[in-house]
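K.L.:
Fit chain B to the supplied structure of chain A, relying on the hints for placement.
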Amino acid sequence: MVERRPWLDVFAHVVLIAGVLAIAFPVYVTFVASTLTLEQIMAAPMPLIPGNQLIENYSQVLFAGTEKGSKAPVATMLFNSTVVALAITFGKIAISIISSFAIVYFRFPLRMFFFWMIFVTLMLPVEVRIIPTFQVIADLGMLNSYAGLTLPLIASATATFLFRQFFLTIPDELAEAARIDGAGPMRFFRDVVVPLSKTTMAALFVIQFIYGWNQYLWPLLITTDESMYTVVIGIKRMIVGGDAANEWNLVMATAMLALLPPALVVILMQKWFVKGLVETEK
Amino acid sequence: MEKRVVFRSAWLPYLLVAPQLAITIVFFFWPASQAVWYSFQLQDAFGLRTQFVGLQNFYTLFKDPNYLASFRTTAIFSVAVAGIGITLSLLLAVMADRVVRGAVVYKTLLIWPYAVAAAVAGVLYAFMFAPSIGIVTFWLKGFGIHWNWVIDGDQAMLLVIMAAVWNQISYNFLFFLAGLQSIPKSLIEAAAIDGAGPSRRFWTIVFPLLSPTAFFLLVVNVVYAFFGTFGIIDAITQGGPAQSTQILVYKVYHDGVKAADLGGSSAQSVILMAIVIALTVVQFRFIERKVQY
Numbered sequence: 297m298v299e300r301r302p303w304l305d306v307f308a309h310v311v312l313i314a315g316v317l318a319i320a321f322p323v324y325v326t327f328v329a330s331t332l333t334l335e336q337i338m339a340a341p342m343p344l345i346p347g348n349q350l351i352e353n354y355s356q357v358l359f360a361g362t363e364k365g366s367k368a369p370v371a372t373m374l375f376n377s378t379v380v381a382l383a384i385t386f387g388k389i390a391i392s393i394i395s396s397f398a399i400v401y402f403r404f405p406l407r408m409f410f411f412w413m414i415f416v417t418l419m420l421p422v423e424v425r426i427i428p429t430f431q432v433i434a435d436l437g438m439l440n441s442y443a444g445l446t447l448p449l450i451a452s453a454t455a456t457f458l459f460r461q462f463f464l465t466i467p468d469e470l471a472e473a474a475r476i477d478g479a480g481p482m483r484f485f486r487d488v489v490v491p492l493s494k495t496t497m498a499a500l501f502v503i504q505f506i507y508g509w510n511q512y513l514w515p516l517l518i519t520t521d522e523s524m525y526t527v528v529i530g531i532k533r534m535i536v537g538g539d540a541a542n543e544w545n546l547v548m549a550t551a552m553l554a555l556l557p558p559a560l561v562v563i564l565m566q567k568w569f570v571k572g573l574v575e576t577e578k
Numbered sequence: 013m014e015k016r017v018v019f020r021s022a023w024l025p026y027l028l029v030a031p032q033l034a035i036t037i038v039f040f041f042w043p044a045s046q047a048v049w050y051s052f053q054l055q056d057a058f059g060l061r062t063q064f065v066g067l068q069n070f071y072t073l074f075k076d077p078n079y080l081a082s083f084r085t086t087a088i089f090s091v092a093v094a095g096i097g098i099t100l101s102l103l104l105a106v107m108a109d110r111v112v113r114g115a116v117v118y119k120t121l122l123i124w125p126y127a128v129a130a131a132v133a134g135v136l137y138a139f140m141f142a143p144s145i146g147i148v149t150f151w152l153k154g155f156g157i158h159w160n161w162v163i164d165g166d167q168a169m170l171l172v173i174m175a176a177v178w179n180q181i182s183y184n185f186l187f188f189l190a191g192l193q194s195i196p197k198s199l200i201e202a203a204a205i206d207g208a209g210p211s212r213r214f215w216t217i218v219f220p221l222l223s224p225t226a227f228f229l230l231v232v233n234v235v236y237a238f239f240g241t242f243g244i245i246d247a248i249t250q251g252g253p254a255q256s257t258q259i260l261v262y263k264v265y266h267d268g269v270k271a272a273d274l275g276g277s278s279a280q281s282v283i284l285m286a287i288v289i290a291l292t293v294v295q296f297r298f299i300e301r302k303v304q305y
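These protein sequence lines are chains A and B, in that order.
Per this note's numbering, the first sequence starts with residue 297, numbered consecutively.
Per this note's numbering, the second sequence starts with residue 13, numbered consecutively.
Next up, chain A with everything else stripped away, as it sits in the complex (with noise of 0.2 Å):
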């Protein structure tokens, strides 16, 4: 604080109040309508308040399904959701790390140009190749699979980029000292490498497991089967038509509860998302 300005200070806290509501709105509105009866959301304006219909509507959607649209309930969507993320995460902190201590420990042909490879795949996001991807999956019988969900999600050039960055850091003298000390590669990976890049791996855990949470296109392209739906595409689906089409309170419910899980990540690891957030940007 350089200087006391209480008017000036008054008015930062209105602007942030002022943004912290409206940022919260949409998603007050959201956790009311999912406590609501249809017919009460129907009859406009809803009601701001919560009602009591809370349990009936989150044990009808997370057991049963909506009745009008998709009727595939919501835990086994939930429990889809939670592999494809952690799948995706581990997956991608697996083969990025691995890859990453082979390009920074070791001098080999082509080392260079595999890093390159990796590195320009920051440039070909899902969304420019949708249709040829589509096809590979199909051809490997991947469609409705978790492999098909998860395997074109997971290399990762941050990951890749971040490990080797910080790899960079680690000081030589600790690769010398366990050179001397007979440790091979792979013992040094293990007992060195891996331990020093908990916090790396933190960080990227909790930037991945949003991603990996929150896919909507690929998912939405190779999933027909109810059985595999995420939560994601799980509510889309519940979007049968119109306004007055929809089970409202339910499709609220449904949304509570597909948002619940990543911000409670990000709200609980707060310090990792800031960190991989970003250092993975940069």
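Please keep in mind that the hints were generated in silico from the structure rather than gathered at the bench.
Don't take each hint at face value.
Stated by the list, open to error - Quick list of in silico lysine-lysine cross-link-like pairs, DSS-like style, CA-CA up to 30 Å:
#1 K119/B with K571/A
#2 K494/A with K15/B
#3 K270/B with K571/A
#4 K367/A with K119/B
#5 K197/B with K571/A
#6 K270/B with K567/A
As the list claims (entries may be wrong) - Some, not all, of what chain B presents toward chain A, calculated at C-beta under 10 Å:
#7 L33
#8 A44
#9 A81
#10 F83
#11 I88
#12 A92
#13 G95
#14 G114
#15 P125
#16 Y126
#17 V128
#18 W151
#19 R212
#20 V234
#21 V264
In this text, all values refer to a predicted model and were calculated from it rather than measured experimentally.
From the three backbone atoms N, C-alpha and C, an ideal C-beta is built for every residue, glycine too.
P.N.:
Positioned in the frame of chain A, the structure of chain B alone reads:
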């Protein structure tokens, strides 16, 4: 930068990079080259025969008024999303940097929209602004505004912009806050001692020092508006009404998946790839420059 101390093995490094390379080749390079290959081909109506047609798909695209309109829609959309998002988050970040008490609480309460999937954000906004039952629609009626984005293209555009800005604001906020906190306090204090007021200090010291962050966020936001907003568009408008919110990525999806026009959709993919590559190059040129700051 290179390591001085390395390990020696003829086969181990190849084994270690193999999983990543396999996935990269199968799911990135192979499909991307297929996209380029398809973009030079024309399929008959039944998908039975294909014919090499050179650049004809591209030629057809750039003569297609719908495609050119989609370019224009994307331009308006991305400029609005980046402009509004960056302005609002800069305001919030400057305020959060100023308050002493409660700063951590504000930060926590402002960063979580990042965790909400684009498609879910879309559903939330579609519900609040639903023409017949939406709560905000009802309030707007009180002000005499007739809100129906299902038939009004401009309102549909406004709605997807709002949802996209909401979804991206925490990202921008965090980067601005980090940028603000890295500005040396002594600079601000010196200016204050010389008699510069808060707004003068902001425009002559803070804002210029933040400009690299702002430029970085501009590129990131444009990339986000181009690709990351697919879920929002698909959940709210599906490109409608009358293609008024059909951004380029949505058109690739629509033409390729819904209309099954393989050649035309692949040609659009190739154009999009060129745009991403250009944006990535701009971003990296900028990062190189920033090292000298």
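K.L.:
For each hint, tell me whether it holds in the structure or not.
P.N.:
Hint-by-hint comparison with the structure:
At most 30 Å may separate the alpha-carbon atoms for a hinted pair to count; K119/B and K571/A meet this at roughly 14 Å. Taking the CA atoms of K494/A and K15/B, the gap is about 21 Å. The hint holds against a cut of 30 Å. For the proposed pair K270/B and K571/A, the alpha carbon gap of about 40 Å is over 30 Å, so the pair is violated. A distance of roughly 39 Å separates the Cα atoms of K367/A and K119/B; the hinted pair therefore is violated under the 30 Å criterion.
For the hint linking K197/B to K571/A, the alpha-carbon distance of about 22 Å falls within 30 Å, and the restraint holds. Distance restraint check for K270/B and K567/A: the Cα-Cα separation of roughly 42 Å exceeds the 30 Å cut-off, and the hinted pair is therefore not satisfied. A distance limit of 10 Å between C-beta atoms decides the matter here; for L33/B the minimum to chain A is near 6 Å, and the interface restraint holds. Contact between A44/B and chain A, as hinted, is supported at the beta carbon level, the nearest pair being about 5 Å apart and thus within 10 Å.
A cut of 10 Å between beta carbons decides the hint on A81/B: the least distance to chain A is about 20 Å, and the hint is violated. A hinted interface residue such as F83/B counts as satisfied when its beta carbon comes closer than 10 Å to some beta carbon of chain A; here the least separation is about 15 Å, so the hint is violated. With 10 Å as the threshold, the beta carbon of I88/B stays out of range of chain A, its nearest partner Cβ sitting at about 19 Å, so the hint is violated. Hint status for A92/B: violated, given a least beta-carbon distance of 17 Å to chain A, over 10 Å.
Among the interface hints, the one on G95/B is violated; its C-beta lies about 17 Å from the nearest C-beta in chain A, farther than the 10 Å criterion. Annotation: G114/B was flagged as interfacial toward chain A, and the flag holds, the nearest CB pair being 8 Å apart, inside 10 Å. Here the hint on P125/B is kept, as its CB sits about 6 Å from the closest CB of chain A, short of 10 Å. For Y126/B, the interface hint holds, since its Cβ comes within 10 Å of a Cβ in chain A; the closest pair sits about 6 Å apart.
Hint on V128/B holds. Least Cβ distance to chain A is approximately 5 Å, under the 10 Å limit. A hinted interface residue such as W151/B counts as satisfied when its beta carbon comes closer than 10 Å to some beta carbon of chain A; here the least separation is about 8 Å, so the hint holds. Annotation: interface hint on R212/B violated; nearest CB of chain A at approximately 12 Å, more than 10 Å. Using the Cβ-Cβ criterion of 10 Å, the hint placing V234/B at the interface with chain A is not satisfied: the shortest such distance is roughly 13 Å.
Contact between V264/B and chain A, as hinted, is supported at the beta carbon level, the nearest pair being about 6 Å apart and thus within 10 Å.
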